[in-house]
Amino acid sequence: MNAVLMLIPLALLLLVLAVGAFFWAVDHAQFDDLLTPGLLPLDEAEKHAGREEDPPP
Amino acid sequence: MKTLCWHCGEPLLATIVHASVGGEDRAMCCHGCRAAAEWIEQLGLADYYSLRTQPAAKPVLADAADRDGRRAWQRDELARHVVRDLSDGRRETMLFVEDVRCTACVWLIERALQSLPGVASVQVNALARRARITWVEERVSLSQILERLARTGYRAWPLHARALDDIRRQEARDALKRLAVAGFGAMQAMMFAAVLYLRGAGAVDASAEGLFRWLGFIVATPVVLYSARPFFKGAARSLAARQLSMDVPVAAAIALIYAASFVEAWRGGGHVYFDSVSMFVFFLLAGRYLEMRARHHAGDLVDALARLSPSVADRRREDHSLERVGVHELRAGDRVHVGEGGLVPADGVLLSSVCRVDEALVSGESAPIFRRRGDMLIAGSVLVDGPVDLQVERLGADTVLAGIAGLVERAQLERPQLARAGEQATRHFVVRVLGLTVLTAVAWSVVDPSRAFAAALAVLVVSCPCAFALAVPAAITRALNVLARCGVLVVKPDAIAALAQTSHVVFDKTGTLTTPHLVDVQTFNGVSPESALRLAAALARESHHPLARAIAGACSEAALPAAAQVRSTLGLGLCGVVDGRELKLGSSRFAAPDESLLGYADEILLADQAGVIAAFRVSEQLRPGMRDVIDALKAQGMQLQILSGDAPAKVADIAAKLDIASWRARASPADKLSELGAMRTQGAHVLAVGDGVNDAPVLAGAHVGVALASGAEIARASSDIVVAGERLGALVTARRIARETVAVIQQNQRWALLYNLVAMPLAALGFVPPWLAALGMSFSSLCVIGNALRIGTGATA
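In the order they appear, the protein sequences are chains A and B. For the first sequence, this note's numbering assigns the number 1 to the initial residue and increments by one for each residue that follows. For the second sequence, this note's numbering assigns the number 1 to the initial residue and increments by one for each residue that follows.
Hints should not be assumed to be uniformly reliable.
[Said to hold, decoys possible] Here are the simulated EDC-like pairs of lysine to aspartate or glutamate, each with C-alpha atoms no more than 20 Å apart in a straight line:
1. B:K177 to A:D27
2. B:K233 to B:D174
3. B:K657 to B:D631
4. B:K657 to B:D671
5. B:K650 to A:D27
6. B:K492 to B:E98
7. B:K177 to A:D32
8. B:K634 to B:D646
9. B:K492 to B:D389
[To be verified] Partner residues aside, some chain A positions facing chain B, computed with beta carbon under 10 Å:
10. A3
11. A11
12. A29
13. D32
Think of the hints as simulated: they come from the structure by calculation, not from any bench. Remember, predicted model here, so these are calculated numbers, not experimental data. Note that beta-carbon positions come from the ideal geometry of N, C-alpha and C, so glycine has one too.
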């Protein structure tokens, strides 16, 4: 029973952390477009090549 | 043997052009495709061709008018409506990009724009077909960005700066957060509740029970107070308006279960239902979330149509040259030029001799109306033949922009009829459940007061409005997703139910069943085919007629001479002045009435005053795979018909090739409409397919109007469904999926009814323990969602 008493607050803490992390992700546009970004990692090399031509403003 | 264009996937014609892409020689169907492919290769982005899953859109050859249109955005008066200043010299805008077909398009657009110096960031959303772009104004302009997109093969329009605010994105984010809290809360509450359910097995001692009840209370509280807030707000709003919306009984049920469980936990006896109330909220929110997604998706499409509003106009200067200005810059008294198929930008008096306008968007009158010099043209109407000049009289909010904006807003507010009916059913159901709960409580308090509270609560929990609330949105969302994946964009969600019922299909011929292509040029008097084509294309690009488009599209030259004083004679041809020569382009009756040119009845002739210069043979090709589409539609038991404005011989030929028995030639839009009316009175549910300006009334008048994405803007605006990629084969799938959807909705509703009819009496009689009530509710909701997911898998008939 002592183990349970320790695990329950831990579970609640993890719950709060999970909700917090999810809120952060939603607020940082991680769920706005679920379709498009799936393709982008397919071509990392091109991406860097493209960036080099385009110096930061 | 390669028979399809490497870039756009359309069948190759007699004249094949070649381009080298990725070190290999590829065949293209036209110069537009070659230019786009070479440009993509030049940018070093040829990988696009290996990434894409769908062929690219056939690029429209950029003509001078397009370029002027893009350049117009350099004017500050125009730009400030679509651009937002980010104060550090950067600017931001939201573009609507046409023809985004798969994620490879997104890749290509992002790469192509990011290699443009001065572009700071590009974010493309493929589903909404929008691109959010920020750039440094000193180094690059919006016009250059649009120009680069056009060269890559995508036409883009800036949306109003309001689009940047993204009210929908905020709504979607809020809904997702509430759903997540409800989901996490429900899971935890269930875990703590499981301990209480197991107490019979001796898993916990009695002293720990109280602890687990309060733990359930802790996790359920944010669910009720945060996630369920929309229900409480909605209930308060509708009570304030003295109406009974679905939110009222739902909010009452949530509050009742939560409060009762709290009392039970306080008393330290009986059952607590913190897990049930959390799940209840979670499932209801899931239904709302799905419905919201479907609504937003439809809204994105409606926005795309909103660009119909003519935010630019061509104003005549003193010297009769044209300048492109924003509509809001126009003043009463200005002379404005409108091209054929264009929208009239402001109310004004016609200065040209005669024209026909389609005022369907404004007045609902579908047949084009004749207007003579001195008549009034209404803003927002479409010029069917022209071009014309008009003198502006009235402007501003009381004309076109207001009208179309109203149209768009109305479309956005319209919720699918199925969803409304579903909500109605849910509301009635919840009211009855609340009644039964009260009845149970009263009855038990007479029989056995100690069990009254538990039994009443069990009725409330085991009854599942969630299944009702989820039945329609889950099925519609699934159907919209499946349809979007096969290139069918449903503009009005009601169209799904209507599509399932259709029994007749009416096709337009030219541009829908067939596509015209220039196959042969024959010249007279030693004129070279190239120069003849150049003259003809200069004239033809002023018109939106498919045959004229075919000639204009066949000319590779970008810098065509300007055509002046172009007039079109409906059904016959065009005339105008090019390079100082008065030219006529059209049928032999029109272009060369004096000469007896036997054997040129089907050709399009180009003539000047001296005689015939060239004959163009434009042949109609059936769209690839059309025969299969027709056979598949017949196999579904549909009655097919062709209604065309073309000559009987041509229509008969196509009808024979496609084995369609019923056809009508030389039908004007009004004839088509009356035909449609006759079919409707016989009880037929008509699906109309078309692409042209003249199809718009038919599309609007049919039960379901289907437009091709490549068709005229007005056709798309009047349709319920837009088929991307010109593949009408998707129509067959779409109808099957629509039928599946309607079947699944009915199954879901029957299931929810059956479940409740069985479960509620048992609960009222006190036979349902709390764990079974919670389990039954979730099981019923999951059944509904699982059933909806079968749509599009071929499992349902």
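Comparing the hints with the structure gives:
For the hint linking K177 of chain B to D27 of chain A, the alpha-carbon distance of about 9 Å falls within 20 Å, and the restraint holds. Between the alpha carbons of K233 of chain B and D174 of chain B the distance comes to roughly 14 Å, so the proposed pair stays at or under 20 Å and holds. Using a Cα cut-off of 20 Å, the hinted pair K657 of chain B and D631 of chain B holds, with the two alpha carbons roughly 12 Å apart. Our distance criterion of 20 Å between C-alpha atoms is broken by K657 of chain B and D671 of chain B, whose separation comes to about 24 Å.
With a C-alpha separation of about 59 Å, the suggested pairing of K650 of chain B with D27 of chain A is violated against the 20 Å cut-off. Using a Cα cut-off of 20 Å, the hinted pair K492 of chain B and E98 of chain B holds, with the two alpha carbons roughly 19 Å apart. Using a Cα cut-off of 20 Å, the hinted pair K177 of chain B and D32 of chain A holds, with the two alpha carbons roughly 12 Å apart. Of the pairs offered as hints, the one joining K634 of chain B and D646 of chain B is violated, with about 24 Å between alpha carbons and a cut-off of 20 Å exceeded.
Our distance criterion of 20 Å between C-alpha atoms is broken by K492 of chain B and D389 of chain B, whose separation comes to about 35 Å. The closest approach between the C-beta of A3 of chain A and any C-beta of chain B is roughly 13 Å, which is over the 10 Å cut-off, so the hint fails. Hint status for A11 of chain A relative to chain B: holds, with the closest Cβ pair at about 7 Å, below 10 Å. With a cut of 10 Å, the hint placing A29 of chain A at the interface with chain B holds, because the nearest CB-to-CB distance is about 8 Å.
A hinted interface residue such as D32 of chain A counts as satisfied when its beta carbon comes closer than 10 Å to some beta carbon of chain B; here the least separation is about 6 Å, so the hint holds.
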